[in-house]
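Asker: All chains, full assembly: derive it from the sequences and hints.
For the record, the sequence lines run as chains X and H.
Residues in the first sequence are numbered consecutively from 730, following this note's numbering.
Residues in the second sequence are numbered consecutively from 6, following this note's numbering.
It is worth saying that the hints were derived from the structure and are not from the lab.
Taking beta-carbon pairs under 7 Å as the criterion, some of the chain H residues facing chain X (in silico):
| hint | residue |
| --- | --- |
| 1 | 91 |
| 2 | 97 |
| 3 | 133 |
| 4 | 135 |
| 5 | 160 |
| 6 | 166 |
| 7 | 167 |
| 8 | 243 |
| 9 | 249 |
| 10 | 250 |
| 11 | 251 |
| 12 | 317 |
| 13 | 335 |
| 14 | 429 |
| 15 | 434 |
The C-beta atom is built at its ideal place from N, Cα and C for all residues, glycine as well.
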Amino acid sequence: MTQIYERIQELRRKYPQSRSAVMDALRLAQTEHGGWLPPEALREVADALDVTPAYCHSIASFYDMYHLEPVGKHMVEVCTNLSCALAGAQAVLDAFAHELGVRPGETTDDGEMTLRAIECAGGCGRAPVVVVDHVYHEPLRPEDVPGLLQELRGRE
Amino acid sequence: MDANNPILLMAGTQEHDLTRLDEYRAVGGYKALERARALEPQAVMDEISAATLRGRGGAGFPMGRKASLLAKGTGKPTYLVINADESEPGAFKDRDVLRMTPHRLIEGCLITAHGIGSKSVFIYIRGEYAHEFDVMRDALEDARTAGLLGGVTIVLHRGAGAYICGEETALLESLEGQRGQPRPRPPFPPVNGLYGAPTQINNVSTIALVPKIIELGAAEFSKIGVPSAPGTAVFSLSGNVAEPGNYERQLGTTLRELIYDVAGGIAGGRELKAVIPGGSSVPVLTPAEIDTPMDYDSIQAAGSFFGSAAIIVVDDRCCMVQLALRAEQFYMHESCGKCTPCRVGTRWLVQLLTKIEEGRGDRSDLDLLEGVCDRMLGKSLCALGDFAVYPVASYLEKYRGEFEAHVDGHGCPFGGASSIEGTFAPSDQHAPNLAETVHA
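Answerer: Now the structure itself:
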C-alpha cells in the first residue's frame with residue numbers, strides 16, 4: 730500500500746494539476762490488484778490523490794478498461810465492430826465461447842479466463858482482431874482459437 | 006519522391022526502422038525542427054497556413070487558422086494537445102504513425118510548440134494502444150537524451166477506453182482527470198482549453214505532416230493533393246476488400262481508385278454494395294457514388310464526410326438493417342450520457358432497429374426511425390449525437406427497400422445468411438435485456 734502511495738505521488742508530478750494522474754493511478758492500482766478495482770483499491774488511489782473513493786469510482790465506471798468486478802487471470806477481448814464483423818468476428822467470438830464454456834462478459838469457473846466482446850480496437854486492416862492481455866492478435870481466425878488458449882494456459 | 010504517389014507521413018518506413026532516432030536522422034529527421042527554430046514563430050505558422058494544412062482527425066479545419074485563434078497575453082501557459090485517441094470504427098491510421106514513425110510526430114510537436122509559443126505538450130493516446138504507447142515513450146526518451154526537446158515538456162497520457170474522448174473537449178476533461186464528457190462551447194479551446202488556458206488541439210496525422218511542410222516549403226507541399234486540401238492522407242481500407250490496410254495517397258484520389266486499384270477490389274469476387282468513406286459515423290455512399298474524390302469538399306458535396314479517411318467497404322452479402330443496428334449499438338455504448346437526445350435517442354434507435362430486424366416492425370416504425378433521427382440531429386453538445394444519426398438515417402434513405410422488405414416480410418430477407426448475422430455487441434454485456442424492452 731505504501732508502495733502504491735509513493736508510485737502515485739510520482740505519477741502526480743507529470744501533470745500541472747495532480748487530478749490528471751487519476752487514470753494512470755487507477756491503471757496502476759488495477760494491475761496491483763489482479764486486474765480489477767476492488768473497493769480497497771479505489772480507497773488507495775483516493776488517499777494518494779487527495780480525492781474521495783466515490784470520485785475514483787465515478788472515473789473507473791466511465792472508462793471501459795477499468796474493471797469493477799473480478800476478472801480472470803487472462804483477458805480475451807474480441808472486437809465485433811463493423812470491420813471485424815464483416816471479416817467474420819462472430820465466428821471467432823463463438824469459437825472462444827465454445828472452447829471456454831462461457832458467454833461474452835463471463836469468466837471461466839477456474840478463474841483463468843475472462844471473455845469479452847469489445848468495440849473497435851483500431852486493427853480494422855487486419856481483422857478480425859483479438860486482444861489478449863493487451864497484446865493484439867490480428868488477424869485471428871476461429872481455427873487459431875484452441876492453440877491460442879492452450880498457449881495461454883501454459884503460461885505462468 | 007514519386008511525383009504520382011508522394012509519401013509524406015510514412016516516408017522511409019518501408020526501408021528503415023524509424024522508431025530508432027539514428028535512422029530517423031539518417032533520412033533527414035529533425036532537420037526541419039532545426040530550420041523552424043531558426044525562424045520567428047510567426048514565420049513557422051505562416052508557412053503552415055500557406056500550406057492549407059487541414060485537420061486529418063475528422064473536421065478538416067485548417068491548422069493555421071486554428072492556431073490564429075489562440076488567446077494572447079492571458080498570463081497563462083499555452084498548451085499543445087495531440088489527439089491520439091483514435092477510436093473511430095474503421096480508423097487505424099494514427100496507430101501506424103505512432104508505432105512506425107514516432108519521431109515524426111515528436112518533431113511535429115516541437116515545431117508546432119515553437120510556432121505557437123508553447124512549452125508544454127500532451128499526447129493523449131488511447132488506452133488500448135499499449136504497444137504504441139511504449140514505442141512513443143522510448144522515442145521520446147531518445148529525443149530527450151539527444152537534447153532535442155529544447156526546454157519543451159512532452160507528456161504522454163494514456164486513455165482507458167472511451168470513444169467520446171476523441172472529441173476535443175471530452176479529451177480535455179479526461180486529461181484533467183474527469184469523466185470524458187464534452188464541454189459546452191463557447192468558450193472554445195484556443196481561448197479556454199486545458200486547465201482553463203489557451204490550447205491548440207490537433208490530430209496525430211496533422212501534426213506529423215508539419216515537418217514535411219517545413220522541409221518542402223508550403224509552395225511545394227501545395228502541389229500535392231487538391232488546392233482546397235493539399236497533401237496526402239493515410240487511408241484506412243477495411244471490410245470486404247481484397248487487400249485491406251493503410252495506404253498513403255494524395256487527397257483527391259477517388260474512392261473507386263482506392264477500393265479497386267489500391268486495395269484490390271472486392272474480396273472473393275463479390276459485388277460492392279455500400280461504402281462508408283470516413284469511419285462508421287459518416288453517411289453511407291452507394292456504388293453509383295464512388296467516383297467521388299476523397300477530399301473534404303468533394304466528399305461533403307456528395308453528402309458525406311471525409312472524417313478520418315477510414316473507408317469501410319461492404320459487399321452484397323450484408324444486411325443493411327443489421328449493419329445499422331451494429332453501428333447504433335456502438336454509439337449507444339459510447340454515448341457519455343450528458344445530453345438527453347443522444348443518451349435516449351441511441352437506445353431508442355437500437356430498440357427500433359432490433360424490432361425491424363426481428364420482423365416485429367411495420368411501416369410506421371420506419372417513419373419513427375426517421376423521426377427519432379430528426380429529433381437527435383444537432384441537439385447535443387458534441388458531434389457524437391449527430392454521428393449516431395448518420396448511419397441509421399443514411400442507410401434508411403439509400404437502402405429503404407431493404408428496410409421495407411424487413412417489415413413487409415416480417416423478417417430479415419437474408420434469412421440468416423447475412424455476412425454479419427448474429428453479431429454480438431459489447432453493449433449486450435451491460436444491458437442484456439435491452440432488446441426485450443422495445444417501445445410500442
